[in-house]
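There are 4 protein chains.
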Amino acid sequence: MNSESVKKAVMNEASAKARKGTASERKLVAGLVATGEVSDPDGPRGRLLHAAARLFQEKGFAQTTVRDIAAEVGILSGSIFHHFRNKEELLCQVMLEVSRVATARMAAAAQESPQARLLACIRCELEAIHGLAVPGFPILVSEWRSLSAESQRRVLDEREHYESIWIAALQRRPAGVGIADSQLARKLLLGALVHSHSWFKPRRRGLTLEALAGQVLLMVWPDQ
Amino acid sequence: MNSESVKKAVMNEASAKARKGTASERKLVAGLVATGEVSDPDGPRGRLLHAAARLFQEKGFAQTTVRDIAAEVGILSGSIFHHFRNKEELLCQVMLEVSRVATARMAAAAQESPQARLLACIRCELEAIHGLAVPGFPILVSEWRSLSAESQRRVLDEREHYESIWIAALQRRPAGVGIADSQLARKLLLGALVHSHSWFKPRRRGLTLEALAGQVLLMVWPDQ
Amino acid sequence: MNSESVKKAVMNEASAKARKGTASERKLVAGLVATGEVSDPDGPRGRLLHAAARLFQEKGFAQTTVRDIAAEVGILSGSIFHHFRNKEELLCQVMLEVSRVATARMAAAAQESPQARLLACIRCELEAIHGLAVPGFPILVSEWRSLSAESQRRVLDEREHYESIWIAALQRRPAGVGIADSQLARKLLLGALVHSHSWFKPRRRGLTLEALAGQVLLMVWPDQ
Amino acid sequence: MNSESVKKAVMNEASAKARKGTASERKLVAGLVATGEVSDPDGPRGRLLHAAARLFQEKGFAQTTVRDIAAEVGILSGSIFHHFRNKEELLCQVMLEVSRVATARMAAAAQESPQARLLACIRCELEAIHGLAVPGFPILVSEWRSLSAESQRRVLDEREHYESIWIAALQRRPAGVGIADSQLARKLLLGALVHSHSWFKPRRRGLTLEALAGQVLLMVWPDQ
DNA sequence: GATGAATGAGGCTTCATTCAT
DNA sequence: GATGAATGAAGCCTCATTCAT
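The listed protein sequences correspond, in order, to chains C, H, Z and U. Take 761 as the starting number for the first sequence in the numbering used here and just add one per residue. Take 761 as the starting number for the second sequence in the numbering used here and just add one per residue. Take 761 as the starting number for the third sequence in the numbering used here and just add one per residue. Take 761 as the starting number for the fourth sequence in the numbering used here and just add one per residue.
Treat the hints with care, since some could be wrong.
As the list claims (entries may be wrong) - Just so you have them, the derived chain C footprint on chain H, three or more residues with Cβ under 8 Å:
#	segment
1	815-824
2	933-939
Unchecked claim - Cross-link-like lysine to aspartate or glutamate pairs, in silico, DMTMM-like; alpha carbons within 25 Å at most:
#	chain 1	residue 1	chain 2	residue 2
3	H	Lys847	C	Glu903
4	C	Lys819	C	Glu832
5	Z	Lys787	Z	Glu797
6	C	Lys819	H	Glu848
7	Z	Lys961	U	Asp941
8	H	Lys847	H	Asp802
9	Z	Lys847	C	Asp828
10	U	Lys847	Z	Glu818
11	U	Lys961	Z	Glu910
12	Z	Lys819	U	Asp917
13	C	Lys961	C	Asp941
14	U	Lys947	Z	Asp983
15	Z	Lys961	U	Glu903
16	C	Lys847	C	Glu797
17	H	Lys847	C	Glu818
18	C	Lys961	C	Glu785
19	Z	Lys819	Z	Glu903
20	H	Lys947	C	Glu797
21	H	Lys847	H	Asp917
22	U	Lys847	Z	Asp828
23	Z	Lys847	Z	Glu903
24	U	Lys787	U	Glu923
25	H	Lys947	H	Glu903
26	Z	Lys819	U	Asp828
27	H	Lys947	H	Glu818
28	C	Lys847	H	Glu818
29	C	Lys787	C	Glu920
30	U	Lys961	U	Glu785
31	U	Lys787	U	Glu872
32	U	Lys819	Z	Glu848
33	U	Lys819	Z	Glu818
34	U	Lys947	U	Glu903
35	C	Lys847	H	Glu903
36	U	Lys787	U	Asp802
37	Z	Lys787	Z	Glu848
38	H	Lys961	C	Glu910
39	H	Lys819	H	Glu832
40	C	Lys947	H	Asp941
Don't read these hints as lab results, they were simulated from the structure. If you're wondering where the values come from, they're calculated on a predicted model, not measured in any experiment. Yeah, the Cβ is synthetic: ideal placement off N, Cα and C, and Gly gets one too.
The task is simple: from the sequences and hints, build the whole structure.
So, in structure tokens, the structure goes:
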């Protein structure tokens with residue numbers, strides 16, 4: 761099975777998943793809700809977090825007012841502070857829950873072959889970045905500065921598992937081609953992938969998300 | 761001459777340049793000042809632009825107050841508006857001048873062999889990102905949203921030449937390995953490189969900027 | 761009943777009304793408050809409008825700061841913007857509410873004979889101008905320029921009814937004496953009356969408001 | 761000679777004057793310049809005063825910046841203060857010079873018959889108000905408040921003569937019709953006339969300035 | 001839990017005025 | 001006389017946050 765056929769297999773699987781995407785995603789999120797790891801998306805807290813995630817991503821943390829968020833949910837701004845101590849904690853909680861969902865998806869995307877596994881990581885993160893699954897993911901990078909040192913610590917802890925999945929996938933690459941250091945490769949990939957948020961719009965025609973994932977894979981796992 | 765020796769040559773040249781860096785950089789900037797393309801760094805306008813660039817990069821545009829900028833230059837906040845219509849124009853002018861300096865450096869970094877040329881592009885952008893030469897470069901990406909539509913247009917026009925140098929360098933790559941589409945490769949590289957601002961600190965020991973450039977080159981021009 | 765006796769009758773009635781003025785005025789305003797046409801003078805919005813009206817009239821719109829207004833009401837300047845989008849809307853709302861009160865008073869001042877009716881209009885507007893009943897009325901003329909085009913439209917619509925009462929009263933004048941064109945007469949009268957704000961202070965001794973009204977009547981309805 | 765023919769005569773004369781208006785006006789102003797009563801309109805001081813008059817009238821004193829005025833004359837704002845101690849003195853000087861020109865015109869407009877004389881006063885003031893002769897005249901009323909108490913005193917002194925011409929003309933009216941008190945009549949007329957600035961635009965067709973003057977005359981000198 | 005009024009600090013911007021050159 | 005850079009006070013407005021109801 762050459763690399764090309766590996767990619768095909770993964771992508772088919774991916775398309776299949778995409779078709780029933782919402783269903784399986786919901787199941788995954790439902791599990792996290794059940795364990796209390798993320799908030800019920802229909803409860804007031806969950807709705808606030810979703811609204812905040814959407815707006816922080818769209819306009820930026822500093823440019824989003826608590827009024828904007830409250831309006832999106834249909835409450836008054838003062839009421840937000842019954843759920844979150846302050847605006848920064850809202851951002852922090854958004855990041856934490858986004859991390860948890862992203863990690864759960866990543867864990868669920870395991871693949872047999874090393875290359876398929878790495879490709880799955882890339883695709884998984886691209887889906888997160890482009891809002892197909894984890895609204896708010898780009899915030900983890902773009903609004904990092906807006907977090908207090910303490911909150912950064914908390915989010916960093918939460919993301920550890922997520923990053924370890926990446927590193928594990930990168931370490932299974934064969935030696936001798938491309939960037940050897942997996943930590944370095946991961947950082948470069950993260951930058952490349954997150955930045956795609958500003959220029960890539962997934963389409964049926966033209967460059968699909970899966971095709972993009974395949975190209976990104978080439979950056980750290982060149983063919984031949 | 762294999763690719764490894766090419767890289768060595770470029771890097772040596774780079775180190776040499778880096779040593780007398782400030783001198784040659786000053787010459788380059790002096791030329792731009794002479795033609796009026798960038799402001800005199802010792803004049804009030806140039807000092808404001810430098811201070812703004814530093815602060816926008818460090819704290820973000822929205823988090824930087826005009827008082828911060830004025831204080832850095834040693835004037836009162838009201839005086840800023842003798843030089844710039846408003847805060848957004850200050851950002852816009854920072855981006856324009858940063859673009860011009862970056863383009864001039866890029867143009868000056870031409871190399872013989874295609875690989876050396878691409879490596880020079882990467883190194884050149886890394887130096888810009890990490891403030892060795894063009895303070896404020898990451899703002900071009902991170903604060904893009906803070907610009908009005910009209911200003912975005914102006915900066916985009918100014919950056920065109922810069923990007924065309926990149927594309928030309930990428931198109932000289934041999935076919936058959938890595939990402940074929942140069943436009944796509946450029947976008948992914950830009951993300952990877954700019955994001956390095958958040959984790960890479962150039963050091964003598966450990967990962968040098970030149971070594972990082974070499975690794976990044978592998979993402980779009982794999983050995984063999 | 762000659763014109764002299766008509767005037768006497770109206771004035772007596774006017775004096776009588778003036779004596780219990782506040783009571784009947786309050787009733788009139790209370791009616792408007794009940795229908796929501798003007799704000800409750802004891803609520804925060806109404807108090808802001810009154811303070812603004814007083815200050816805009818006394819010092820002019822541009823010369824009045826939002827802090828002045830807030831101080832008059834005993835709140836901080838920022839709090840104003842919970843009630844009005846900006847300073848100009850405050851002016852616009854002042855004008856709208858002033859117009860409504862003035863119109864209601866005008867409508868309530870109907871008289872039998874044409875001359876008495878016109879005199880009542882004059883007296884009514886004089887009372888408004890001199891703050892006996894509608895604080896802020898002169899602003900309608902003096903600060904017209906400070907209003908945006910859109911706000912001017914709104915206020916103009918609101919004033920239409922008020923002006924139509926004037927025109928109707930002027931049209932009942934006999935032909936052949938004085939200014940024939942009622943529209944023209946109204947404009948000249950408005951100027952004459954509003955300007956009285958700068959030189960006329962109603963007093964018991966000397967020129968009373970009623971006497972002044974009688975003199976103004978002569979400008980458009982000469983005796984004999 | 762009935763009142764109608766009187767008006768005709770005055771108006772013919774007026775039209776004649778209007779035709780060679782600029783010439784005779786220039787002569788009049790030239791005389792004032794010669795005696796130092798008003799500034800040379802071509803000198804820097806005179807040009808500043810004219811620009812200020814125009815802008816104060818168009819936008820209001822508070823809404824006009826010294827930069828606006830300087831720009832209109834083609835100098836920088838700082839230079840204004842070589843000619844006037846501060847912005848308020850600029851306003852005061854505008855008013856003083858406007859008063860002097862208006863007085864000179866008024867004095868030159870003497871007529872034989874009492875009615876023609878009063879009509880000439882009205883027409884003369886209307887011409888001043890509508891910028892045909894004395895740009896800035898409405899400022900005397902509209903920006904009175906913007907003047908310090910001391911400046912008000914100075915301008916008041918200057919205007920005394922002008923007002924005395926009016927009073928003299930009004931006192932020659934026959935007793936028994938219209939407003940008896942000339943001081944009162946003058947104040948009402950001033951209001952009516954100045955306010956015309958906001959609604960009257962002199963035209964050949966429709967209401968001419970002369971026709972308007974005739975109508976205003978009726979307010980204080982009714983026919984029959 | 002929600003409301004809405006208020007807070008108070010702070011942001012950007014304007015502008016008359018000064019002054020060395 | 002003019003310039004242009006700077007001042008510094010003040011203006012309007014925003015917004016996270018608080019709190020009595």
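Starting from the hint list further up, note which numbers the structure goes against and sort them upward.
-> The structure conflicts with hints 13, 20 and 37, although it agrees with all the remaining ones.
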